[in-house]
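Engineer: Chains as they are written, first to last, in my numbering: chain A, 22 to 304; chain B, 205 to 470.
Some hints here could point you the wrong way.
Subject to a maximum C-alpha distance of 20 Å in a straight line, what follows is the list of computed SDA-like cross-link-like pairs (lysine to any residue) [stated by the list, open to error]: (1) 286/A with 116/A; (2) 295/B with 372/B; (3) 301/B with 363/B; (4) 383/B with 24/A; (5) 30/A with 386/B; (6) 30/A with 372/B; (7) 295/B with 25/A; (8) 286/A with 310/B; (9) 30/A with 301/B.
Computed, partial: chain B to chain A, Cβ under 7 Å [said to hold, decoys possible]: (10) 222; (11) 233; (12) 288; (13) 321.
Hint data in this document are derived by calculation from the structure and do not stem from the laboratory. Ideal Cβ placement from N, Cα and C applies to all residues, glycine included.
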Amino acid sequence: MRTFSNLVKPYIAWMSVFIVVPMLLIILYAFTTVGNEVLPFKFTLDNFIKFFDPVFLRVLGKSLQVALITTVISILIGYPVAYFIANVKENIQTLLILLVTIPMWINMLVRTYAWISILSDNGLINSFLSKIGLPTVTMMYTDFAVVLGMVYNFLPFMILSIYTVLAKLDKALIAASYDLGANRIQTFIKVVFPLSLPGVISGITLVFLPAVSTFVIPKFLGGGNYMLIGNLIETQFITVGEWNFGSAISLIMAMIIMISMVITKKFDKNVEENNSSGGGRLW
Amino acid sequence: MVGIKKSRWLPVVVVGTILLFFYLPILILMIFSFNDSRSLTVWAGFSTQWYTQLFRSRDMMEAVMTSVSVALISTLISTFVGTLAAIGLSKSRKVVKEVVLQVNSLPILNPEIVTAIGFMLLFSAFTIQRGYTTMLLAHIAFSIPYVILSILPKLRLLDPNLAEAALDLGATPWQALIKVIVPQILPGIVSGALIAFTMSFDDFVISYFVTGNGVKNISILVYTMSRRINPTINALSTILVAIITIALVLINVLPMMKKKEKVSYE
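Whenever a hint applies, use it, and build me the whole structure from the sequences.
Structural biologist: Encoded structure:
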């Protein structure tokens, strides 16, 4: 089978150039500054130190806050939706899941752009409000608009990942719970919900990660002055041209995401262990 | 069934509201692409003027061509390379497999913007002028990992003796590959290609960072134009939504119909 294993070699070369080298370049840029003609790079930690300015820390805090709010709202809405879909007849389930999936495939810029004409000061909502004699509300360029845009874009991921777990749930466990005298609420709290946690956790990663790093949604719905960490990186590379600082911010963001993934993974393992021991006790 | 309290209307209301939330904005966007005025809030009668303008706009048509050609070429190449790499991986030693898969998963786990600036730095380090070629290269590069991941599970199900038998029966390795292995993993290859195509066609972040020389795909054009309200964006979006919806419905309905056929044969 040596002949076939050789097939991977060209890809290893490709992968080194297009995955490994870019990562190394980001690290190189983050830890250096433009040097002189003899030595083009100079090692420095300034790019990281610069980030610990209150202005930039506030941007980081805001990004985490917005992403967290988006994630919480997505769980609160996504869980019941996934739960209800998992409990209808199978052919209706397929249809509903298709309906949840379609928006995910529509260009994210188009989906976000769609909200501008609804939320703007003379948009659909405000013209409706003034028509029925109510005062208008400023929604565009607020936190509300940004969170709404994020929930709109990322909620399908949450619904799908919770649904996948709920749909695969062994119905015998629920029947057993009823047989052992639990009512509907007890069964949900003690059986269904704990077993569905892996879905919630993967949903959290699928919503939180893109929410932390997006720069399109804040730009469209938050306006030019609305800065999240993604916008900060974009500005450094596209407008300001400070690639070293931009690389450092990207590295910090990648670290934060890595850490949050490790935490959620650990949490996921705990859940699985509890579940398996719980299952053991059940029998 | 699973349920807290059986209520007939609550699920319908909750799921219905969310679907309305998902589709209403898109629907409004589509309706106003047929508006007779520039306004995106006041209906002034039916017209197709924005579509006429769309097809007359050189920028728009160029962006559509860029998106379509980049998506087609990058899908072809990434599916080919990804298929070979996946087959090679499935026969490789465990260490090689693990290292490759680990590196392979980096672009999937990393935020898009990090992958994007990685490519940008790469192209500038090799002093490659940013434009169509760099966009194409980047799209091939970010698609391959997904192609590999969608083919590997199929290879795991494949009986390793099959290729062995083909070789014993006198097939050349290439024949064994094309006539025995590839047909068995075809569903994985097709779904990998579909993922590659849609990801490339919809991509904004990576294209935005690696392009230059005024080369724009649809997403970049929408991004630069959307600061002012412009109903031609609505017209373009309407066409995109229609294509994606038809494609998704076909992809989902066709297998169902095939399944039914199989059942009736049995």
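Engineer: Taking the hints in turn, state whether each one holds.
Structural biologist: Against the structure, the hints come out as follows:
no., hint, verdict
1, 286/A with 116/A, "violated, 31 Å"
2, 295/B with 372/B, "holds, 17 Å"
3, 301/B with 363/B, "holds, 18 Å"
4, 383/B with 24/A, "holds, 16 Å"
5, 30/A with 386/B, "holds, 19 Å"
6, 30/A with 372/B, "violated, 25 Å"
7, 295/B with 25/A, "holds, 6 Å"
8, 286/A with 310/B, "holds, 16 Å"
9, 30/A with 301/B, "holds, 11 Å"
10, 222, "holds, 5 Å"
11, 233, "holds, 4 Å"
12, 288, "holds, 5 Å"
13, 321, "holds, 6 Å"
Checked against the numbered hints above, the structure violates hints 1, 6; every other hint is satisfied.
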